[in-house]
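**Q** Below are the chains, spelled out letter by letter.
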Amino acid sequence: QKEVEQDPGPLSVPEGAIVSLNCTYSNSAFQYFMWYRQYSRKGPELLMYTYSSGNKEDGRFTAQVDKSSKYISLFIRDSQPSDSATYLCAMSDMNRDDKIIFGKGTRLHILP
Amino acid sequence: GAVVSQHPSRVICKSGTSVKIECRSLDFQATTMFWYRQFPKQSLMLMATSNEGSKATYEQGVEKDKFLINHASLTLSTLTVTSAHPEDSSFYICSASALAGGGADTQYFGPGTRLTVL
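Just so you know, the protein sequences line up as chains A and B, in that order.
Its first residue numbered 1, the first sequence is counted upward by one per residue in the numbering used here.
Its first residue numbered 1001, the second sequence is counted upward by one per residue in the numbering used here.
Please note: incorrect hints may appear among the correct ones.
Quick list of in silico lysine to aspartate or glutamate cross-link-like pairs, EDC-like style, CA-CA up to 16 Å [stated by the list, open to error]: (1) A:LYS56 with A:ASP66; (2) A:LYS99 with B:GLU1059; (3) B:LYS1020 with B:ASP1088; (4) A:LYS70 with A:GLU5; (5) B:LYS1041 with A:ASP93; (6) A:LYS56 with B:ASP1088; (7) A:LYS99 with B:GLU1087; (8) B:LYS1064 with B:ASP1027; (9) A:LYS67 with A:ASP83; (10) A:LYS42 with A:ASP83; (11) B:LYS1014 with B:ASP1105; (12) B:LYS1055 with B:ASP1065; (13) B:LYS1041 with A:ASP7; (14) B:LYS1066 with B:GLU1052; (15) A:LYS67 with A:GLU15.
Derived from the structure by calculation, the hints contain no laboratory data.
Values in this document were obtained by computation on a predicted structure and should not be read as measured data.
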């Protein structure tokens, strides 16, 4: 079983819809959970960073972490065509020198 | 935010040649730099971690003699793919952190270098 599982998509939703992206993981030692956005042929950009369980909101983005289920989510409200990108979940464990483990990424298309 | 650049953005080379990729932190001193590789539809995979002035730490399965990393200054790290082969074709991305150890929220990623080996 891979450490981090993420559906690669693609996921197509109409503009204005709420987008839900998620990942599951197997290593209970993960404590830091991130979401990155990666445009085509570009490096990833950190969107959200959370520690342990709970919710974090930043503008139209909400990140949720459920450590009991080993499940994390990213919600995008009022989605816009400019949100079209690949979204990578990632996580790390301080005891591993902050090595980041990435999911494969979900390709998201927001249809105008 | 902090800016990390990579050069070149794209390179095509013949099998057996060596290719050097540069990663620069433009507005901060990068104590730690990371090199990742991303194959199509695959995760970013950490190849190695380097701290300025010391030898890089390679991940399991990454050949240190094939992927030479030099972190000679606080703003520059280079990755040299020696004797490149078609299976080395990939998207190589660096990230840089001002902190030793480079926590996930302190890493800034470069734009990546697309390597194609013919």
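**Q** Work down the list of hints and note, for each, if the structure agrees.
**A** Hints, one by one, checked against the model:
1. Restraint check: the Cα-Cα separation between LYS56 (chain A) and ASP66 (chain A) comes to about 12 Å, which is no more than 16 Å; the hinted pair holds.
2. Between the alpha carbons of LYS99 (chain A) and GLU1059 (chain B) the distance comes to roughly 10 Å, so the proposed pair stays at or under 16 Å and holds.
3. With a C-alpha separation of about 13 Å, the suggested pair LYS1020 (chain B) and ASP1088 (chain B) falls inside the 16 Å cut-off, and the hint holds.
4. Distance hint between LYS70 (chain A) and GLU5 (chain A) is fulfilled; the C-alpha atoms sit about 11 Å from each other, no more than 16 Å.
5. In summary, the hint linking LYS1041 (chain B) to ASP93 (chain A) is not supported, as the alpha carbons are separated by about 24 Å, beyond the 16 Å threshold.
6. Proximity of LYS56 (chain A) to ASP1088 (chain B) is assessed by CA-CA distance (about 38 Å); at most 16 Å being required, the pair is judged violated.
7. Using a Cα cut-off of 16 Å, the hinted pair LYS99 (chain A) and GLU1087 (chain B) is violated, with the two alpha carbons roughly 25 Å apart.
8. Between the alpha carbons of LYS1064 (chain B) and ASP1027 (chain B) the distance comes to roughly 29 Å, so the proposed pair goes past 16 Å and is violated.
9. Between LYS67 (chain A) and ASP83 (chain A) the CA atoms are separated by roughly 27 Å; this puts the pair beyond 16 Å, and the hint is violated.
10. The straight-line distance between the Cα atoms of LYS42 (chain A) and ASP83 (chain A) is roughly 14 Å, inside the 16 Å bound, and the hint therefore holds.
11. Taking the CA atoms of LYS1014 (chain B) and ASP1105 (chain B), the gap is about 37 Å. The hint is violated against a cut of 16 Å.
12. Only pairs whose Cα atoms come within 16 Å are accepted, and LYS1055 (chain B) paired with ASP1065 (chain B) is accepted, the gap being roughly 12 Å.
13. In summary, the hint linking LYS1041 (chain B) to ASP7 (chain A) is supported, as the alpha carbons are separated by about 11 Å, within the 16 Å threshold.
14. The suggested pairing of LYS1066 (chain B) with GLU1052 (chain B) is violated, with an alpha-carbon distance near 20 Å, which exceeds 16 Å.
15. This hinted pair does not check out: LYS67 (chain A) and GLU15 (chain A) have alpha carbons roughly 31 Å apart, beyond 16 Å.
Violated hints, in rising order: 5, 6, 7, 8, 9, 11, 14, 15; the structure is consistent with all others.
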